[in-house]
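Enquirer: Full structure from sequences and hints, please.
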Amino acid sequence: MPRAIRGVLIQCEPAIKSIIVHLDSVNNDIIIEDLDEQTLVVKENMVQLLKQKLEDRLKETYRPEEPLADSD
Amino acid sequence: MSLGGQQLLEYLEKLPGTAFRRLYQSPATALAIFRRMLSYHAKVIVRGLLYMPDPLPLPTLDIWFPPEAGGKIHRDRTIAALRSLHILQVSSPGKDRTQEIQITASFKKGLQLAFEGGGEDGSFGVPSSLPVDPTIDIGYLDKYARKKWDDILHYVVNSLGVQSSSEGVSGPKASVKELLLAGRLVERRPDTRTGIGITQAGFTFLLQESNAQVWTLLLLWLEAADHAADSGMDSIDMLSFLFMLSSLELGTAYDTSALTETRRNMLPSLVDFGLIYFPRDTRQFFPTRLATTLTSTASALRTVSSAFTAATANASGEPGTTTSASGATPADKTGTSKGIIIETNYRIYAYTTSPLQIAVLALFCQLNMRFPNMVSGRLTRDSIRQAIGFGITADQIISYLHAHAHQQMVRETTVTGKPVLPPTVVDQIRLWQLENERMQTTAGFLFKDFESTEEYAALSKYAEEIGVLVWKNDKRQLFFASKHEQLRDYLKSRKKGE
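If you're matching them up, the sequences are chains D and P in order. Residue numbers for the first sequence follow UniProt numbering, so the first one is 1 and each next one is one higher. Residue numbers for the second sequence follow UniProt numbering, so the first one is 1 and each next one is one higher.
Keep in mind that the hints were calculated from the coordinates and are not lab data. As the structure is a prediction and not an experimental result, all values here were calculated from the model. The reader is advised that the hints may include incorrect statements.
Residues of chain D placed beyond 12 Å of chain P at every Cβ, according to the derived structure [claimed, not checked]:
{"hint": "1", "residue": "V26"}
{"hint": "2", "residue": "N27"}
{"hint": "3", "residue": "D29"}
{"hint": "4", "residue": "Q52"}
{"hint": "5", "residue": "E60"}
Okay, the calculated beta carbon distance ranges per label pair [claimed, not checked]:
{"hint": "6", "chain 1": "P", "residue 1": "L250", "chain 2": "D", "residue 2": "Q48", "range": "41 to 47 Å"}
{"hint": "7", "chain 1": "P", "residue 1": "K72", "chain 2": "D", "residue 2": "E44", "range": "31 to 37 Å"}
{"hint": "8", "chain 1": "P", "residue 1": "L250", "chain 2": "D", "residue 2": "D34", "range": "22 to 28 Å"}
{"hint": "9", "chain 1": "D", "residue 1": "A15", "chain 2": "P", "residue 2": "D474", "range": "24 to 30 Å"}
{"hint": "10", "chain 1": "P", "residue 1": "A69", "chain 2": "D", "residue 2": "D36", "range": "32 to 38 Å"}
{"hint": "11", "chain 1": "P", "residue 1": "I63", "chain 2": "D", "residue 2": "D34", "range": "42 to 48 Å"}
{"hint": "12", "chain 1": "P", "residue 1": "A19", "chain 2": "D", "residue 2": "L49", "range": "34 to 40 Å"}
{"hint": "13", "chain 1": "D", "residue 1": "A15", "chain 2": "P", "residue 2": "R184", "range": "33 to 39 Å"}
{"hint": "14", "chain 1": "P", "residue 1": "T442", "chain 2": "D", "residue 2": "H22", "range": "20 to 26 Å"}
{"hint": "15", "chain 1": "D", "residue 1": "A15", "chain 2": "P", "residue 2": "Q407", "range": "42 to 48 Å"}
Here a beta-carbon is modelled for each residue, glycine too, at the ideal position from N, C-alpha and C.
Expert: Right, dumping it as structure tokens:
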């Protein structure tokens with residue numbers, strides 16, 4: 001019989017994926033299965049934490065411009 | 001299918017087969033499922049098979065779903081949906097016989113009874129023969145249901161710490177509060193003023209249309225009954241009662257003595273939700289619009305008000321065309337819903353005094369000023385990101401703004417034919433969301449370690465046919481599916497067939 005493993009499929013850009021792989025390399029507690037360049041399966045309970053960590057990581061590099069503030 | 005229907009479907013799919021057999025004993029349930037839960041294709045199949053004495057060979061369906069027009073996918077998905085509701089039986093495939101389908105006996109009987117009338121008395125409720133209080137009309141019931149429901153919403157919103165200034169808000173009953181807590185729409189937080197804080201699920205709940213909100217709460221109620229097995233409540237009977245309520249007629253009094261005792265015991269809870277009105281010292285109950293729209297596609301309260309406003313807008317152009325409009329105007333003036341103006345520079349002006357609406361706006365706007373009859377603010381990247389952090393989607397925000405747009409905006413667009421909301425703002429809200437969503441997540445199951453290539457090929461093909469396949473890699477023989485129950489059954493029957 002094949003096995004069915006519960007998890008969350010994540011589809012993203014290769015750059016984002018490499019960040020996830022990097023985050024996982026600390027404790028190896030996020031990724032269940034690395035599928036391909038843009039796809040991997042992670043543990044269900046780690047998704048929220050992962051999003052948070054990803055956000056933190058991207059904040060360092062990404063600063064979009066706010067529309068000009070006008071007087072209120 | 002609306003969001004409310006989707007939630008119900010997910011709940012139903014988890015029920016065991018025996019539960020369905022009991023549910024379908026009630027013609028009202030069978031009819032409600034047929035009406036509300038089935039797609040157009042599924043209805044065609046059910047209607048066609050309903051009076052067929054013998055099972056039908058599966059290939060016969062190709063007439064309705066021509067394979068050359070890509071009908072196979074439709075056919076297989078429809079059949080999978082019908083099977084998950086235990087409406088359709090499909091015989092297992094064999095080498096030398098074709099598959100056959102038939103309607104399950106219990107659903108067949110239930111729906112036939114519903115169409116022809118018959119079976120037990122009162123399966124669609126028994127109207128009361130006693131004299132009815134003439135003051136209880138549809139308008140009264142709508143007002144009553146709206147007040148009850150707004151009380152519940154106020155409770156969820158007020159947990160946000162927004163000061164409620166309106167009078168006459170009594171808050172929902174303790175039992176309802178417990179449900180909201182148990183469903184994690186709100187949670188206990190000692191640091192807030194009320195000791196209660198709203199959760200992410202609560203935000204999503206607030207922005208749903210009221211029909212979906214009602215179902216959210218009712219499903220919480222059913223789950224609570226499941227957990228407290230000693231309460232004497234039976235979730236299947238409760239569900240079946242809800243389906244019956246949804247088939248009743250608004251504005252008619254029904255006899256409580258025709259109900260079983262367990263169902264009579266459910267009435268107080270339904271009163272707390274505002275689904276029924278139960279005058280004191282009578283043996284009558286009135287379903288409200290919240291109950292009668294449970295399984296129809298007609299909208300419940302919230303959008304009724306917008307329909308009314310549309311009607312009044314119409315009436316101002318052509319005097320005397322609508323009579324129902326006059327009754328609705330007072331409610332509109334004190335109004336909770338209408339009157340958000342949004343400009344192309346992201347500024348928002350909302351003509352409202354309702355703490356409920358202001359609190360909802362505060363979820364995704366940066367509010368700057370408050371006047372006696374309006375608040376103003378603007379949409380910013382941060383305010384939208386904060387909302388998305390709460391679990392609100394860009395589409396929810398856009399549809400909320402759209403549904404509550406000021407008459408002036410709506411009127412202008414009917415003249416010029418432009419969209420109601422400024423496209424720049426709509427696009428920007430979506431872009432702000434995309435910025436936040438760098439990965440697409442799908443919960444489900446990874447299938448791996450197949451015994452043979454054939455097994456992999458067959459199962460992944462089946463998963464694709466029933467519409468649960470999300471991702472696959474033929475080379476590595478891996479695939480990811482959003483559900484696994486039917487795949488498991490398929491594997492079992494395949495093993496048997498070998």
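Enquirer: None of the hints should be skipped; say for each whether it holds.
Expert: To see whether the hints hold, each was checked on the structure:
Its beta-carbon lying about 19 Å from the closest one in chain P, D:V26 satisfies the requirement of being farther than 12 Å from that chain. With a least beta-carbon separation of about 20 Å from chain P, D:N27 lies farther than 12 Å from that chain, consistent with its non-interface assignment. Its beta-carbon lying about 17 Å from the closest one in chain P, D:D29 satisfies the requirement of being farther than 12 Å from that chain. Listed as a non-interface residue, D:Q52 fails to keep its Cβ farther than 12 Å from every Cβ of chain P; the least gap is roughly 10 Å.
At roughly 14 Å from the closest C-beta of chain P, the C-beta of D:E60 stays outside 12 Å, upholding its exclusion from the interface. Between P:L250 and D:Q48 the CB atoms are about 42 Å apart, so this pair conforms to the stated range of 41 to 47 Å. As the Cβ distance of P:K72 to D:E44 is approximately 33 Å, the hint placing it in 31 to 37 Å holds. The given range of 22 to 28 Å is broken by P:L250 and D:D34, whose C-beta atoms sit roughly 56 Å from each other.
One distance hint, 24 to 30 Å for the beta-carbon pair D:A15 and P:D474, holds here, with the actual separation near 26 Å. Between P:A69 and D:D36 the C-beta distance comes to about 33 Å, which sits within the given range of 32 to 38 Å. Our hint of 42 to 48 Å for P:I63 and D:D34 holds, since their Cβ atoms are close to 46 Å apart. Our hint of 34 to 40 Å for P:A19 and D:L49 holds, since their Cβ atoms are close to 36 Å apart.
At roughly 34 Å, the beta carbons of D:A15 and P:R184 sit within the given window of 33 to 39 Å. A hinted range of 20 to 26 Å holds for the C-beta pair P:T442 and D:H22, which are about 22 Å apart. Roughly 47 Å separates the CB atoms of D:A15 and P:Q407, a value that falls within the hinted 42 to 48 Å.
Going down the numbered hints, you'll see the structure goes against 4, 8, while the others check out.
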